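A.B. asks: For this one, chain P is given, so just place chain H on it according to the hints.
Residue numbers (the numbering used here), protein chains in the order written: chain P, 2 to 767; chain H, 2 to 767.
Everything labelled a hint here was simulated from the structure, so no lab data went into it.
Predicted model, so just to flag it, every value in this text is computed and none were measured.
The hints are all genuine.
Same chains, same names: a pair is fine if it fits in one copy or spans any two.
Calculated cross-link-like contacts (lysine-lysine; reagent style DSS-like; alpha-carbon spacing at most 25 Å):
(1) K94 - K593
(2) K574 - K358
(3) K293 - K574
(4) K293 - K593
(5) K229 - K726
(6) K286 - K593
(7) K574 - K94
(8) K229 - K593
(9) K368 - K229
(10) K286 - K574
(11) K726 - K286
(12) K229 - K286
(13) K122 - K286
(14) K726 - K293
(15) K243 - K293
Protein chains: 2
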Amino acid sequence: MNFFCALNPADESGVSSTLYSLTGGLEECSSSSSSTSAAAATSSTMNGTIPTKLVDPVDDPLPGVGTYEDFNTIDWVREKSKDRDRHREITNKSRHSTMALLLSISDAFSGWLLMLLVGLKTGAIAGGIDIAAHWLTDMKEGVCLNGFWFNHEHCCWTSNETTFQERDRCPQWKSWAELVAGSSSGPFPYFINYMMYMFWALLFSFLAVSLVRAFAPYACGSGIPEIKTILSGFIIRGYLGKWTLIIKTITLVLAVSSGLSLGKEGPLVHVACCCANILCHLFPKYRKNEAKRRETLWRSFFAALVAAFTLRSINPFGNSRLVLFYVEFHAPWHLVELAPFILLGIFGGLWGALFIKANIAWCKRRKSTRLGHYPVIEVLVVTAITGLLAFPNSYTRMSGAELISELFNDCSLLDSSQLCGYKSPTNTSGSVGNSLGDRAAGQGLYTALWQLALALLFKMLITVITFGMKVPSGLFIPSMAVGAIAGRLLGVGMEQLAYYNHDWFNGWCSPGADCITPGLYAMVGAAACLGGVTRMTVSLVVIMFELTGGLEYIVPLMAATMTSKWVADAFGKEGIYEAHIRLNGYPFLEPKEEFDHSSLAVDVMRPRRSDPALAVLTQESMTVEEVETLVESTHYSGFPVVVSQESQRLVGFVLRRDLLISIDNARKRQEGVVGASHVLFTDHTPAAVAPEAPPPLRLRGILDLSPFTVTDHTPMDITVDIFRKLGLRQCLVTHNGRLLGIITKKDILKHMAQMSNRDPESILFN
Amino acid sequence: MNFFCALNPADESGVSSTLYSLTGGLEECSSSSSSTSAAAATSSTMNGTIPTKLVDPVDDPLPGVGTYEDFNTIDWVREKSKDRDRHREITNKSRHSTMALLLSISDAFSGWLLMLLVGLKTGAIAGGIDIAAHWLTDMKEGVCLNGFWFNHEHCCWTSNETTFQERDRCPQWKSWAELVAGSSSGPFPYFINYMMYMFWALLFSFLAVSLVRAFAPYACGSGIPEIKTILSGFIIRGYLGKWTLIIKTITLVLAVSSGLSLGKEGPLVHVACCCANILCHLFPKYRKNEAKRRETLWRSFFAALVAAFTLRSINPFGNSRLVLFYVEFHAPWHLVELAPFILLGIFGGLWGALFIKANIAWCKRRKSTRLGHYPVIEVLVVTAITGLLAFPNSYTRMSGAELISELFNDCSLLDSSQLCGYKSPTNTSGSVGNSLGDRAAGQGLYTALWQLALALLFKMLITVITFGMKVPSGLFIPSMAVGAIAGRLLGVGMEQLAYYNHDWFNGWCSPGADCITPGLYAMVGAAACLGGVTRMTVSLVVIMFELTGGLEYIVPLMAATMTSKWVADAFGKEGIYEAHIRLNGYPFLEPKEEFDHSSLAVDVMRPRRSDPALAVLTQESMTVEEVETLVESTHYSGFPVVVSQESQRLVGFVLRRDLLISIDNARKRQEGVVGASHVLFTDHTPAAVAPEAPPPLRLRGILDLSPFTVTDHTPMDITVDIFRKLGLRQCLVTHNGRLLGIITKKDILKHMAQMSNRDPESILFN
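Excised from the complex, chain P in its bound form (with noise of 0.2 Å):
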């Protein structure tokens, strides 16, 4: 059990493999799906030589010819070309019949139909996520005397208190200590709440992480290193399949309500996409093509993560605000404190490399340690260390959410929390009316950032050692947490530095005015330092106004987040996600990455020059036997097919998986074809044979005609571009028109981590 959250089908316990067997997956459904296009363009132009009674794989695709193996890259170019053929036929078909006609229009919708019920299904999920984390995360709390269904808010609902504060002490609320002792003050009750709340937080952590180890190992982590990995061609079987969604939809419930320090932004992103790849078998045109799927999870993938902020904004308790973190700030911002936002892009950065590096140190310490084996207990500790040490303090006991939310939160004359704890204003400018100006720090607000700065510790610590666990887990909220904090400490600082300074600030502040606004330095903060951890900067910015509705904070966003991306690249280029898929090993060709080394493709194809000759097929000289043996000697995807040994001259690419289909159907089905057939990938019989051999076993239909193909000359960096931009699996590799080897996408990620001085044995999958 040494990292079965890194997607280990061969898992030492036997239970994940048996049951990667029952998660339905991405790839199951798409073993009926037809040949490839070369194929079928090849199919006109066949003559008739060829007798009967053959199966001719082109009119009647065999099953599992033109599928994946599992852990395995999808050839784009392949995929997309398959659904033009068969766009192009619907086409055709539609011009002859109504119903031809009606099934190419519904055809033509059916992209949009799939969105929406995507967006549907997502949202439901979202939703009931939303609420059931509401309830369990108060039940660490207390208990509704109503009914125990009802969480804290609703509870009150009904209450007849009319202030918000005392509506949130209404009597039906029970905490545990007043259930059982019958008093809330005191030693002893809080005891009772303390221990109660570890309690459940313990429970709740143990119910996910046994639920993830017993039905779906792959509903750990937050799911989109993994994401990213497939929708850039990897097969990973059952990753996105039903058990995979139920499991992490009600694990991540429990992982939120345990009070570690984790979001559901990430995880949500990898339900959405579960709902729209289970969706995806509703419709021929999706269920078929590995790159429709994709197109269509990348869509999905977008609007998870727009949706897990916004969708709970259609709050059904009747806030009908838009956004998550609603800000109306007092004041707008003034040029000079570009300055302390660009310290906070610098905070910001330093604090994404530093998570970062601790973080991959920690979990391949995991990896590597017997840490690893121990899973369940694990999290147990981490969460009984998190409640700790989070119950004591206001700030980390409430969720993440909540204390982002209270941090953005700009103080008005009403304010009662702790963060808005200032004297009262004493008018010494005489002004009227403006009490809302700048004022000393109280008693309250001393005590509150004390908490703040070591929720600020205890924050980034935890997180460290939470992110990798296995249990669902996101990290948007709690690095958006850590900046806020951050962000609200200098925020207070600089409106105090103010208030007692006010001719340092010459011009633009002058005494009794509002000029400092604490909450638009957290949501800086805030912005700062999920860039530093994610590396988005534009993207981040529209999130931002989606989270705040604040456009007029464009600048300072902007200012920090790219302060931050540059700081933190400055420690290492990649984001958390990237640095999650290269410790896993995933084959993932990182589209931004400029390769900046001069090697040619000769430098990086197969065979080097100290390795046996390239296994190549004859296109009409070799026996079924003689393919067969080639074929078992080797572990290669496939193999090149040459017009003779001697000339070397290209003619096609056959996949393993495909030959090996079609030579058993043959033996089994094919009268006459034995092992000493001949295997003719050409059209035509060949002279040279005698006329009393065996019937040769046709196999042109399973031969890609159009192999990409590159010469021993192309520099690197094209090649790598060619990969990146058409999607390819593999290239061969060509000098004066004479093949001379092959380059996969694994050699290329060998070759770059070579390059970089990484061990190129890191990359596990093809």
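C.D. replies: The following block gives chain H in isolation, referenced to the frame of chain P:
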């Protein structure tokens, strides 16, 4: 002088071809660029057998090698690879000295610096255009007594009148009638104003068209079709040069002021791209690389589209709104209203499709008949018609932006606009306070509706013949104006329908409530029409947010623009810019257009079956004379190099321009190279050459050793995809390792034209 706006440098008047050399252009500075990367890559593997006295094109690239001819397509892969080589070299050098390190850092930041400079320069020019256009527009109506250089608003700035309406008629500002006749009412003053309006309009448009004609023919039109083509990799010398910039800036002001139905947003994009291109000259990173330059232009293109609207909002006269057409509606929209919104979408789509068809038909007429020979007369006649018809109607007399702004506005109680000429509320419902509730239309509103209907008809017709004339002209504002008028008309209609039939709208629109906002309808209509013409959807909705700041109207805007796109697409897939690109025959490969035919590469490649064989060079058996004869007997831009005529195995590709420059240079400067010298594309000297033969000409340095190849069986959809994604110029076609033919971008465009039953000869350039 047939269509000098369509980039024909062989212009009969001779004026433009003289200026053609004057206009400092996009490509003039790239002559000193380094050799291709393939050549650089080869240099390391060349052995030492080459006599040192030979000029090696690798170490010392000849001027001109690696550059492009005018009206040709660049090779993106090559250009990007070149930039990576340059970057690698700088990085390597930076390890050795501090100076080089500083250079490397400044190189890395030059992109940011460049964008900053482009932003500043474009902003300054846009601001200048705005101020000048305001002034000249007001000049048509009257003059300021304080000084003729004040516009109307500026002139009345210091006036003592308090309300805006009165201030609008301050004593310092005199209409022409007041100046000449001493009175402002009555038929004679009206006639004087009318005539002065016509006089200025004709003067401005005459100046505009004459300046364009005399100094910068490329300054006409919106420029967006050409810029799209340039960004995709086409070379048009001078299109983004300083003369185009200067003349376009001046004539844009004149054209806008003349009252023609055109906007300035599109031409501002051209201006921004000119600024970016000219500023590129300051940085060698961008000066020497066509691909990097286009990346920068692309960013400016986007930035300008947004800046064109938002820059104007930095109003120097104290209006603090951040958006151009600020909207703040009183009432939210209701689900039932989606029906009229979708109706507006249908109108927008129909109008968009109709406009494109009519405008293209008119432009074709201009190109093919004598109409195109008299651009100045055409502009004067259209200006005269526009002026005569526009002056009497206040909605056509005001500028497009003013009209849109008025139509978007909601009626408040104080509004004195005719559009708000409702009857006073009678308070039948007895409710107090909401006097903005629904009201019956009064006389003022009925007059306004009539005028708007006439304005709609007028705008729809005049825009068709205006867009494409030989003056700078944009489409955004006229399109939006048409949609806004239609929307406002429908909005008022809905409002009155609700007022008189409250029972029809049971449940959501009770009597006295303000439930329908005509301004919102105008906004939705504007988006729908802009969508129908340009076929943008999501980006358009984003632009509408930018324009109006109305985040709550995402659903109405989305519904209308999607409907508009669907309806318009049913009549033809092309937007107005793509239609103009095709009209002018530019080699532009539409990134979204699906290639839906089952052709193979062999069907598209040259030579065709009936053609003479492909002109190829051999790697070592041809003499300088033979090469020269071959090159001169053809007009191809490049030649494949093969091992021998018999084997036809491909070695590389050499560009005609590089070949001619190198041979020419060798004959002049290299001792002993004569007509009988062998041209060698190999590293070694072949054994067959006699020792007493003249010294060979070695040209491996200019040989591209990694030409792109596809097999003859490659489906064309895949080939098109490769061209599009990699930005190829040409691709060689092989069969079983032997060279068969070549496919260029032009061949693909011709094939696509043929497939959709268009004239393949309409593709004019390479």
